[in-house]
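Chemist: Residue numbers (the working numbering), protein chains in the order written: chain A, 805 to 946; chain B, 2 to 81.
If you're looking for bench data, these hints aren't it; they were derived computationally from the structure.
Predicted, not measured: the structure shown is a model, and the values here were computed from it.
Glycine is no exception: its CB is placed at the ideal position from the N, C-alpha and C atoms.
Some hints here could point you the wrong way.
[Said to hold, decoys possible] Anything over 12 angstroms on all C-beta distances counts as not near chain A; from chain B, calculated:
hint: 1; residue: Arg12
hint: 2; residue: Leu14
hint: 3; residue: Arg15
hint: 4; residue: Phe16
hint: 5; residue: Glu17
hint: 6; residue: Arg18
hint: 7; residue: Thr22
hint: 8; residue: Ala56
hint: 9; residue: Gly60
hint: 10; residue: Arg62
hint: 11; residue: Phe67
hint: 12; residue: Ser68
hint: 13; residue: Tyr69
hint: 14; residue: Asp70
hint: 15; residue: Ala71
[Unchecked claim] Listed next, the stretches of chain A that the computed footprint assigns to chain B, with coverage defined by at least 3 CB atoms under 8 angstroms from CB atoms of chain B:
hint: 16; stretch: 880-886
hint: 17; stretch: 933-946
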Amino acid sequence: MSFREKSAWIMLITLALMSLLWAMHFPWGTGFTLAPDPNPSVFYALVLATISFVVLVVVAHIVVAVLAPRDANARADEREQLIGLRAARLGAYVYAALSMSSVFLIHLGANEIGLAYFLVVSLIVAEIVNCVARIIYHRRGV
Amino acid sequence: MTQTTISNSIRRLRFERNEMTQQDLAERVGVTRQTINAIEAGKYSPSLEVAFRIAGALGVRLEEVFSYDASAVGAPVKAP
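Start from the sequences, fold in the hints, and give me the full structure.
Modeler: Next comes the structure, spelled out in structure tokens:
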């Protein structure tokens, strides 16, 4: 497994774990009407999850790089660059579609806080799609 | 699995050259071992530049390494 595939796995697993951590604090059942934010723990959990995500990703990459320094220091070749571009394109489509659909949420009664959190979720989903696509392209070919 | 219409003889040529490893070939060509593996398995068609570098590293002409099956994609083949 190449360093960049390992990196995609690290990002995917860490992102999924931290999203789960954040989701546990989300007031499910209240729809998109969170204003005035009755539960600041949603915001604090998001901050905690974001910091934890950055720390875990950096530490995991350092560990992987120490275990296989030659792979980690190698420049991305043309196949890896192509995989990165195609996966990023898929992620961008998902982010564009989700962020545009946030406009429709206004008509479903969403307020500004609900919309802000929806955009954060859109970013997370797009990044998960990006990571999954990178893994699939590495495994199945591009 | 994504398969290309370009087949290759890299694996055979490697073994004919003192069982050159994928890593050795990758280092000579300037790509990762995983990319050589993907090319050998027909999961990735390299650029023309990398294809020439592979042929050069194996010490053979390009057409001895790669062959293109035009009939597989229905492409017209012009007579020389």
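Chemist: Each hint: holds or not?
Modeler: Tested hints:
{"no.": "1", "hint": "Arg12", "in the structure": "16 angstroms, holds"}
{"no.": "2", "hint": "Leu14", "in the structure": "20 angstroms, holds"}
{"no.": "3", "hint": "Arg15", "in the structure": "18 angstroms, holds"}
{"no.": "4", "hint": "Phe16", "in the structure": "23 angstroms, holds"}
{"no.": "5", "hint": "Glu17", "in the structure": "25 angstroms, holds"}
{"no.": "6", "hint": "Arg18", "in the structure": "22 angstroms, holds"}
{"no.": "7", "hint": "Thr22", "in the structure": "14 angstroms, holds"}
{"no.": "8", "hint": "Ala56", "in the structure": "16 angstroms, holds"}
{"no.": "9", "hint": "Gly60", "in the structure": "21 angstroms, holds"}
{"no.": "10", "hint": "Arg62", "in the structure": "22 angstroms, holds"}
{"no.": "11", "hint": "Phe67", "in the structure": "16 angstroms, holds"}
{"no.": "12", "hint": "Ser68", "in the structure": "18 angstroms, holds"}
{"no.": "13", "hint": "Tyr69", "in the structure": "17 angstroms, holds"}
{"no.": "14", "hint": "Asp70", "in the structure": "17 angstroms, holds"}
{"no.": "15", "hint": "Ala71", "in the structure": "20 angstroms, holds"}
{"no.": "16", "hint": "880-886", "in the structure": "holds (count 4)"}
{"no.": "17", "hint": "933-946", "in the structure": "holds (count 4)"}
No hint from the list above goes unmet by this structure.
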